[in-house]
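Just need the whole structure built from these sequences, with the hints factored in.
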Amino acid sequence: MDSSDINGYPVKPLNMHQLNHKGDLPGDFAFWIFIFAEMIAFGVLFVAYAFARAKNVELFNASQLTLSRTSGAINTLVLITSSYFVVRGVAAIKSGLNKQCAHWLTGAFLFGGIFVCIKMVEFNAKYTADITMSTNNFYMFYLSLTFFHFMHVLMGLVILGFIINKARRGGYSAQNYVGVETGASFWHMVDFLWIILFPLVYIIR
Amino acid sequence: MDNAKPQSNLFSTVIWLVLVALTIMTFCLGEAGMTGKGVMLTLLAITMIKSQLVANYFMGLRNTKLLWRAIMLVYFFIVGGLIALAYTIALM
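Protein chains in written order, with our numbering: chain A, 1 to 205; chain B, 206 to 297.
Source of the hints: derived by calculation from the structure; they are not laboratory data.
For every residue, glycine included, the Cβ atom is placed at its ideal position computed from N, Cα and C.
Warning: the hint list may mix true and false statements.
[Unchecked claim] So the derived list for chain A, only partly shown, Cβ under 10 angstroms to chain B, looks like this:
1. 23
2. 24
3. 31
4. 50
5. 54
6. 76
7. 107
8. 111
9. 113
10. 121
11. 191
12. 192
This is the structure we're talking about:
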């Protein structure tokens, strides 16, 4: 019997692309479980922030005014643009263009780096002003939410780095791009969460 | 629609520009120092539109089963709804 036959019926070799059926989530389904779990964790923190604020509106409003809305807005634009580059990277690999995919993802990676730099400047400003998680409830939420998100950005950058490296070596194709879609989905989640975090913590009063 | 079919680059660019415009609008509302229930609901509505644009057109969920899109929408309605409730309580 031919290795590609089962009971006399020809069997087409399975590739990663074929694992992603019509209507399924893009990328690896197991990773989506992780994405949903992360979204729930952030969702609980967002709601906890809102109800903690309701108990002490004056304190939260006064503390919120010490944040740099400009930094928050620039970081939102940076992440949105980075996410857009990832979309273009995924589109490129779906057309089998490994190098173009790597270029777009490198752009996304660099913008992710800009986000990290701006956030570190913001964290440093709070550190030098002797503001810590124990200063008050607002800063406890602000620092924990933004640091938790910051860690996800760093994780996303590591994932993007691996994908860029593999794409540069021609490791993906128009038939095999589940890895790119999986990393892209994680990066978009990071963007999705910041889109909620920014107005909640920096803007809405 | 097949998930493997890429959306047009022009369409992705338009979505990106809409997201940029909505972010600038959010920032301007914050800079204007506007407060109150109407402003809070407007900001949450802008946030919902932005999050759903990212979920549907950047994550690519518009090409998936209704269940996955519904999860993202319900997530926002629960989280956003509870945030709106907390802010409404604070205003009372």
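Hints and how they fare:
Evaluation of the residue 23 (chain A) hint against chain B yields a held restraint, the C-beta minimum of about 4 angstroms falling below 10 angstroms. This hint holds: residue 24 (chain A) has a C-beta 6 angstroms from the nearest C-beta of chain B, less than the 10 angstroms allowed. Interface hint at residue 31 (chain A): violated, since its Cβ lies 12 angstroms from the closest Cβ of chain B, which is beyond the 10 angstroms cut-off. Checking residue 50 (chain A) against chain B by beta carbon gives a least distance of about 3 angstroms; that is within 10 angstroms, so the hint holds.
A hinted interface residue such as residue 54 (chain A) counts as satisfied when its beta carbon comes closer than 10 angstroms to some beta carbon of chain B; here the least separation is about 4 angstroms, so the hint holds. With 10 angstroms as the threshold, the beta carbon of residue 76 (chain A) comes within range of chain B, its nearest partner Cβ sitting at about 5 angstroms, so the hint holds. Checking residue 107 (chain A) against chain B: minimum C-beta separation of about 13 angstroms lies over 10 angstroms; hint violated. Hint on residue 111 (chain A) is violated. Least Cβ distance to chain B is approximately 12 angstroms, over the 10 angstroms limit.
Taking 10 angstroms as the C-beta contact cut-off toward chain B, the hint placing residue 113 (chain A) at the interface is violated, the least distance being around 19 angstroms. With 10 angstroms as the threshold, the beta carbon of residue 121 (chain A) stays out of range of chain B, its nearest partner Cβ sitting at about 18 angstroms, so the hint is violated. Among the interface hints, the one on residue 191 (chain A) holds; its C-beta lies about 6 angstroms from the nearest C-beta in chain B, closer than the 10 angstroms criterion. Here the hint on residue 192 (chain A) is kept, as its CB sits about 5 angstroms from the closest CB of chain B, short of 10 angstroms.
In this structure, the hints that do not hold are numbers 3, 7, 8, 9 and 10, in rising order.
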